[in-house]
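Following the hints, complete the assembly by docking chain B onto the known chain A.
Okay, here's what each chain looks like letter by letter:
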Amino acid sequence: MANKIIGILEQREGKLKKTSFEVFSVINNLAKQLNLESEAIVIGNEIDNLSELSKYGISKLVHFKNEQLNNYSSSAYKELISDYAKEVSAEILIFPNSSFGKDLAPLVGVRLNAGLLIDCIHLEVTSGELIATRPIYAGKALMDAKLLSPVKIVTIRPNVFKPTLIENTNNLEIVTKEINSPNLKTRTIEFKKSEGKLDVAEADIIVSGGRGLKGPENFYLVENLAEALGGAVGASRAAVDAGWRPHREQVGQTGKTVSPSLYVACGISGAIQHLAGMSSSKYIVAINKDKDAPIFSVADFGIAGDVFDVLPVLTEEIKKLKS
Amino acid sequence: MKIAVCVSHVPDTATKIKVGPDERTIDPAGVTYIINPYDEFAVEEALKTKEKFNCEVIAISVGSDSSKETIRKALAMGVDKGVLLKDDNPRDSFAVAKALADEIKNQGCDLVFMGKQSVDYDNSIVGQLTAELLDYSCVTVVVDFKIENDKIIAESEIEGGKEVVETQLPSIITTQKGLNEPRYASLKGIMAAKKKVIEEKPAVSSENLTEILKLKNPPAKQPGRILGTDSSAVPELVKLLREEAKIL
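Going line by line, the protein sequences match chains A and B. Using the working numbering, read the first sequence as starting at 2 and increasing by one per residue. Using the working numbering, read the second sequence as starting at 2 and increasing by one per residue.
Just chain A, with the same shape it has in the complex:
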């Protein structure tokens, strides 16, 4: 029997997160190239639509089930995953590089004596070896690296590996393991939802505002465009440090590093810390009065004009197009 590659899925409130589907496509791809058998693990209580996962090419899913495990508990999750990985002699484990994956993967790593490559944006197999590319210095440089340990752990950046649907679906075997007394030493007792609808770390479209907005009272211009596009609101460090926006919206080296399909920078000049955090976005639009601002050096399309003039018109045009 072939060795295993295991994908760790993430659920919140019984629903699989989008990153879980990205994990599927990575484990399927690597399983083929490395001649491994792929499996997925999910931990929680009741989880929606598990039987539909066969269309993502998954043939086996192990569901560790207990109502106390619906909320994340690092102490319980790390034990379940590492014990199972040992039991089936897993060779590679793939986690999403979300808050959940980043918290959990290293704990499992110590228990399996596995090296870790974090936040990978490209994976390939060369002469039977897994080579990963990952950004460092918030994207100012890239690193190619490999793991030297027998068991290997990789976390993948959200929004980079696209989920793929498989036409000829296999039968999906779901193994449910009821867990009796999970180790709840470290556990989530409450989730405080933030007001914003979408988080910049997860969004496929981001509209960010900077000092050019002149004050927090004008951010409705950014919010309106984000809403019209179905995207999340981001902010530059200047806007966050001035207290105009919460830190969770900050994009850049001391905020979040993002790679959405579309990034719209409004009134952001493009300090090096900001460019590092967003220049790997697929398409970048910049709107800024100063035509010499560094943001235009990474933008695909730019308007060297006033955000107060451009944003309302752009928002209206997008709304018209979508209606």
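To be clear, the hints were calculated from the coordinates, so they are not data collected in a lab. Wrong hints could be hidden among the right ones.
Straight line, CA to CA, 20 Å or less: simulated PhoX-like cross-link-like pairs of lysine-lysine [claimed, not checked]: (1) A:Lys147 - B:Lys217; (2) B:Lys240 - A:Lys320; (3) B:Lys49 - A:Lys147; (4) B:Lys147 - A:Lys193; (5) A:Lys283 - A:Lys19; (6) B:Lys222 - A:Lys292; (7) B:Lys69 - B:Lys240; (8) A:Lys163 - B:Lys247; (9) B:Lys147 - B:Lys53; (10) B:Lys240 - A:Lys283; (11) A:Lys186 - B:Lys147; (12) A:Lys323 - B:Lys240; (13) A:Lys147 - A:Lys5; (14) A:Lys16 - A:Lys193; (15) A:Lys186 - B:Lys152; (16) A:Lys321 - B:Lys247; (17) B:Lys240 - A:Lys321; (18) B:Lys247 - A:Lys320; (19) A:Lys198 - A:Lys19; (20) A:Lys290 - A:Lys215; (21) A:Lys283 - B:Lys247; (22) B:Lys82 - B:Lys49; (23) A:Lys147 - A:Lys33; (24) B:Lys49 - A:Lys283; (25) B:Lys53 - A:Lys323.
Computed far set for chain B versus chain A, every beta-carbon distance over 12 Å [as the list claims (entries may be wrong)]: (26) Cys56; (27) Ile148; (28) Pro220.
The C-beta atom is built at its ideal place from N, Cα and C for all residues, glycine as well.
Chain B alone, transformed into the frame defined by chain A:
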């Protein structure tokens, strides 16, 4: 209670990063180094906790002699003493965590703060690795921290909100912007720091589990098109987004 705060000496975030000729390290020319920005929140939280419980705080760093600058910065903010775990060779996160875990155990620290990630290699895993090596509990990306008796309640920032996490000492907390406002080192603090002890010892030996094959600069982006200087350029922008970027 005895507190450790782990600090890392990293290139300033305003620095341009150029890959060196060996393609394994960055070109040190023109790079200035600072205390890792997230570690400043760790130092502040350690000092706040010290003020409440009247206990000792030790700053620990793994690296070469130059890391003493960053330890000195923590001392100037009010940390009691420093330990430099010396290693001139590059270590991966696992090897750094092994050195830290060894010293935290030697010192008998039961509460440890460190930044949620260092802004050089951006791994964001040293805290968790160190905790698991020591069998300590761990809460990451913390923006609110309370401790009562041996019980910890910490808020961890995640996508779309905050998880309120409950756990117990001994514990490692990794700190995020928003947790506190790090104090400035006063002149008195800077003078006092010069007299504080930085103990130097070799970092416990450990093998790297990762191998860097190559560093490269990201592909340069072609500068794009400036479509106009006011809202009259909006229709063309929308057309490009729809037809070229296929986004709308």
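Evaluated hints:
1. A:Lys147 - B:Lys217: 15 Å, holds
2. B:Lys240 - A:Lys320: Holds - the C-alpha atoms of A:Lys320 and B:Lys240 are around 14 Å apart, at most 20 Å.
3. B:Lys49 - A:Lys147: 41 Å, violated
4. B:Lys147 - A:Lys193: 16 Å, holds
5. A:Lys283 - A:Lys19: 19 Å, holds
6. B:Lys222 - A:Lys292: 17 Å, holds
7. B:Lys69 - B:Lys240: Measuring from Cα to Cα gives roughly 55 Å; hence the hint is violated.
8. A:Lys163 - B:Lys247: Holds, at about 16 Å.
9. B:Lys147 - B:Lys53: 11 Å, holds
10. B:Lys240 - A:Lys283: 17 Å, holds
11. A:Lys186 - B:Lys147: Distance of about 16 Å is within 20 Å: holds.
12. A:Lys323 - B:Lys240: Between A:Lys323 and B:Lys240 the Cα gap is close to 13 Å, so the pair holds against 20 Å.
13. A:Lys147 - A:Lys5: 18 Å, holds
14. A:Lys16 - A:Lys193: 17 Å, holds
15. A:Lys186 - B:Lys152: Roughly 10 Å separates the two Cα atoms, so the pair holds.
16. A:Lys321 - B:Lys247: Distance of about 17 Å is within 20 Å: holds.
17. B:Lys240 - A:Lys321: Distance ~13 Å between B:Lys240 and A:Lys321 Cα, so the pair holds.
18. B:Lys247 - A:Lys320: 16 Å, holds
19. A:Lys198 - A:Lys19: Holds, at about 16 Å.
20. A:Lys290 - A:Lys215: With Cα atoms ~12 Å apart, A:Lys290 and A:Lys215 stay inside 20 Å; holds.
21. A:Lys283 - B:Lys247: Holds, at about 11 Å.
22. B:Lys82 - B:Lys49: Distance of about 16 Å is within 20 Å: holds.
23. A:Lys147 - A:Lys33: Holds - the C-alpha atoms of A:Lys33 and A:Lys147 are around 19 Å apart, at most 20 Å.
24. B:Lys49 - A:Lys283: 43 Å, violated
25. B:Lys53 - A:Lys323: With a Cα-Cα distance of about 56 Å, the restraint between B:Lys53 and A:Lys323 is violated, given a limit of 20 Å.
26. Cys56: Holds, since 23 Å exceeds 12 Å.
27. Ile148: 14 Å, holds
28. Pro220: Contrary to the label, B:Pro220 does not stay out of reach of chain A, its closest Cβ about 9 Å off (not over 12 Å).
Consistency with the previously given hints fails for numbers 3, 7, 24, 25 and 28, ordered from lowest to highest.
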